[in-house]
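**Q** If you read the sequence shown in the working numbering, its first letter stands for residue 1, the second for the next number, and so on.
Just so you know, these hints were derived from the structure itself, not from any lab.
Predicted model only: the values in this text are computed from it and were never measured.
Here a beta-carbon is modelled for each residue, glycine too, at the ideal position from N, C-alpha and C.
Be a bit skeptical, because a hint or two may be false.
Pairwise CB distance ranges, derived in the manner of DEER restraints [stated by the list, open to error]:
| id | residue 1 | residue 2 | range |
| --- | --- | --- | --- |
| 1 | Gly236 | Val184 | 25 to 33 angstroms |
| 2 | Asn178 | Arg157 | 21 to 29 angstroms |
| 3 | Ile160 | Gly78 | 34 to 42 angstroms |
| 4 | Ile219 | Ser82 | 22 to 30 angstroms |
| 5 | Lys361 | Gln253 | 21 to 29 angstroms |
| 6 | Pro307 | Val220 | 29 to 37 angstroms |
| 7 | Asn95 | Ala226 | 38 to 46 angstroms |
| 8 | Gly78 | Asp149 | 53 to 61 angstroms |
| 9 | Gln253 | Glu306 | 17 to 25 angstroms |
| 10 | Ala226 | Asn334 | 35 to 43 angstroms |
| 11 | Asn334 | Asp256 | 29 to 37 angstroms |
| 12 | Lys107 | Lys53 | 32 to 40 angstroms |
| 13 | Glu127 | Ile267 | 48 to 56 angstroms |
| 14 | Glu154 | Arg243 | 16 to 24 angstroms |
Listed next, the in silico EDC-like pairs over lysine to aspartate or glutamate satisfying Cα-Cα at most 20 angstroms (straight line) [unchecked claim]:
| id | residue 1 | residue 2 |
| --- | --- | --- |
| 15 | Lys370 | Asp121 |
| 16 | Lys370 | Glu215 |
| 17 | Lys188 | Asp168 |
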Amino acid sequence: MVLRYHWGNVFSFLNLVSLVINEDIMNTSRAIRSLLVLFLVFGVHCTQQTTLKVLKPAEIDVGSINRIAILDFEGPPGTGSSIASIFTSKLFATNYFTLVERSELEKVLSEHALNMSGVIDVETAVEAGRLLGVQGVIVGNVISYSCEDQKHREKERKKIWTGEYERDEKGNIIYEKNLFGKKVKKKKYREKLVTVEVLDREATVALSFRLIDVETGQIVATRETAHSYQKSMKLGKGSLPPRKAILNRLTHQCVDDFVKMLAPHTITIKTEFARGNREVNKGIEFARNGLWDKAQKVWEAVVSKEPDNHQGWYNLGLAFEAQFDYESAEQAYNHAVDIKPKKLYMRALKRVRQAMLDEEKLQQQMERRKMESTGENYDE
Numbered sequence: 001m002v003l004r005y006h007w008g009n010v011f012s013f014l015n016l017v018s019l020v021i022n023e024d025i026m027n028t029s030r031a032i033r034s035l036l037v038l039f040l041v042f043g044v045h046c047t048q049q050t051t052l053k054v055l056k057p058a059e060i061d062v063g064s065i066n067r068i069a070i071l072d073f074e075g076p077p078g079t080g081s082s083i084a085s086i087f088t089s090k091l092f093a094t095n096y097f098t099l100v101e102r103s104e105l106e107k108v109l110s111e112h113a114l115n116m117s118g119v120i121d122v123e124t125a126v127e128a129g130r131l132l133g134v135q136g137v138i139v140g141n142v143i144s145y146s147c148e149d150q151k152h153r154e155k156e157r158k159k160i161w162t163g164e165y166e167r168d169e170k171g172n173i174i175y176e177k178n179l180f181g182k183k184v185k186k187k188k189y190r191e192k193l194v195t196v197e198v199l200d201r202e203a204t205v206a207l208s209f210r211l212i213d214v215e216t217g218q219i220v221a222t223r224e225t226a227h228s229y230q231k232s233m234k235l236g237k238g239s240l241p242p243r244k245a246i247l248n249r250l251t252h253q254c255v256d257d258f259v260k261m262l263a264p265h266t267i268t269i270k271t272e273f274a275r276g277n278r279e280v281n282k283g284i285e286f287a288r289n290g291l292w293d294k295a296q297k298v299w300e301a302v303v304s305k306e307p308d309n310h311q312g313w314y315n316l317g318l319a320f321e322a323q324f325d326y327e328s329a330e331q332a333y334n335h336a337v338d339i340k341p342k343k344l345y346m347r348a349l350k351r352v353r354q355a356m357l358d359e360e361k362l363q364q365q366m367e368r369r370k371m372e373s374t375g376e377n378y379d380e
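Modelling step: build the complete structure from the supplied sequences, incorporating the hints.
**A** Encoded structure:
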């Protein structure tokens with residue numbers, strides 16, 4: 001379960017905390033109680049969300065290619081081998097392909113004195129694939145791999161306490177009440193235009209790959225992808241992530257794009273519960289703690305007693321969807337939409353129908369691979 005806050009509420013909350021701290025509350029226990037009240041008040045305004053795992057088929061079908069070797073990408077020193085290792089690990093984790101280990105790959109290529117430095121053409125990749133005993137070889141290029149910093153200055157207005165307090169016409173100090181009703185002196189501020197130095201950090205990783213069928217020499221899959229990072233930070237107001245960490249994260253994002261193209265994968269989606277009566281909300285508590293089977297029973301009881309309870313039907317659909325029972329989820333969402341066509345319900349119905357299509361496509365991919373690995377014919 002994820003709590004979603006509106007940014008306006010976040011800033012309001014932070015301002016309130018700042019007031020509690022800045023007004024110098026002397027009683028420590030009272031200060032703690034005050035902050036706890038803020039957390040409780042702020043928390044009730046959040047919207048409850050949940051996450052669901054959805055299995056997606058490979059974006060393309062690579063046919064009978066099962067055993068794959070990933071050669072070093074061509075790029076700046078130190079990048080090609082690292083990217084190939086990341087790609088190998090991520091593709092292996094899908095359990096969809098058999099991958100040649102990096103140590104085995106290096107040993108075989110070294111024994112046959114096959115030069116893998118520089119640009120690798122299709123013929124060289126096919127030769128390497130035959131030596132390694134694989135059906136497919138992946139080669140790639142590092143198009144961009146950079147992280148640069150720039151500094152600039154900008155003006156901003158700052159409120160500065162003068163060290164004095166506001167006074168009335170008679171020269172008496174003016175008092176005001178703080179958030180908790182305590183009478184405090186009203187501080188006197190002035191605005192000042194100051195120059196601040198800002199650090200801008202920008203990074204880009206762009207990669208391309210080709211999957212080559214060793215038997216035919218044909219390129220069966222190819223893709224180019226890029227991910228970027230840009231963030232600024234006022235000096236002295238925090239720090240930015242290290243360059244190496246940024247580039248590593250962007251590299252992983254690019255490789256994830258490649259893996260999604262070649263193999264079945266899961267994605268995480270965010271959606272919301274529909275709050276209702278006590279029993280409906282009881283089911284939500286079960287679901288929030290991962291007890292979807294118990295939540296399902298609660299919501300089934302709700303819609304059995306109250307057939308027009310759209311919150312119950314919708315949440316029941318979530319329970320089925322979370323347990324990958326898409327047909328039952330579609331039926332439940334249909335009931336919710338028929339009773340009350342809310343956008344939340346209609347999005348869920350559309351989503352689960354797409355999940356059913358994806359499931360069918362995935363089954364076809366798995367069946368085709370099974371048939372082709374045994375030499376049988378596959379008819380769609």
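**Q** Each hint needs a verdict: does it hold in this structure or not?
**A** Comparing the hints with the structure gives:
Distance hint for Gly236 and Val184: a CB-CB separation of about 29 angstroms, consistent with the stated range 25 to 33 angstroms. Look at Asn178 against Arg157: about 24 angstroms separates their beta carbons, and that is inside 21 to 29 angstroms. Here the CB-CB span from Ile160 to Gly78 is close to 48 angstroms, at odds with the stated 34 to 42 angstroms. The beta-carbon spacing between Ile219 and Ser82, approximately 24 angstroms, falls within the hinted interval of 22 to 30 angstroms.
Between Lys361 and Gln253 the beta carbons are some 24 angstroms apart, a value that agrees with the proposed interval 21 to 29 angstroms. Checked against the hint of 29 to 37 angstroms, the pair Pro307 and Val220 fails, with Cβ atoms roughly 52 angstroms apart. About 28 angstroms separates the C-beta atoms of Asn95 and Ala226, a value inconsistent with the hinted range of 38 to 46 angstroms. Judged by the Cβ atoms, the range 53 to 61 angstroms given for Gly78 and Asp149 is violated: they are separated by roughly 20 angstroms.
Between Gln253 and Glu306 the beta carbons are some 45 angstroms apart, a value that contradicts the proposed interval 17 to 25 angstroms. Take Ala226 and Asn334: their Cβ atoms lie about 41 angstroms apart, and the range 35 to 43 angstroms holds. At roughly 34 angstroms, the beta-carbon separation of Asn334 and Asp256 lies within the given 29 to 37 angstroms, and the hint holds. Checking the proposed 32 to 40 angstroms range against Lys107 and Lys53 shows it holds: the Cβ atoms sit about 38 angstroms from each other.
Distance hint check for Glu127 and Ile267: the Cβ-Cβ separation is about 37 angstroms, which falls outside the suggested range of 48 to 56 angstroms. Taking the beta carbon of each, Glu154 and Arg243 are about 23 angstroms apart, inside 16 to 24 angstroms as hinted. With a C-alpha separation of about 31 angstroms, the suggested pair Lys370 and Asp121 falls outside the 20 angstroms cut-off, and the hint is violated. Taken as a hint, the Lys370 and Glu215 pair is honoured in the structure, with Cα atoms around 19 angstroms apart against an allowance of 20 angstroms.
Between Lys188 and Asp168 the alpha-carbon distance is near 12 angstroms, which keeps this suggested pair within the 20 angstroms criterion.
The earlier numbered hints that this structure contradicts are 3, 6, 7, 8, 9, 13 and 15.
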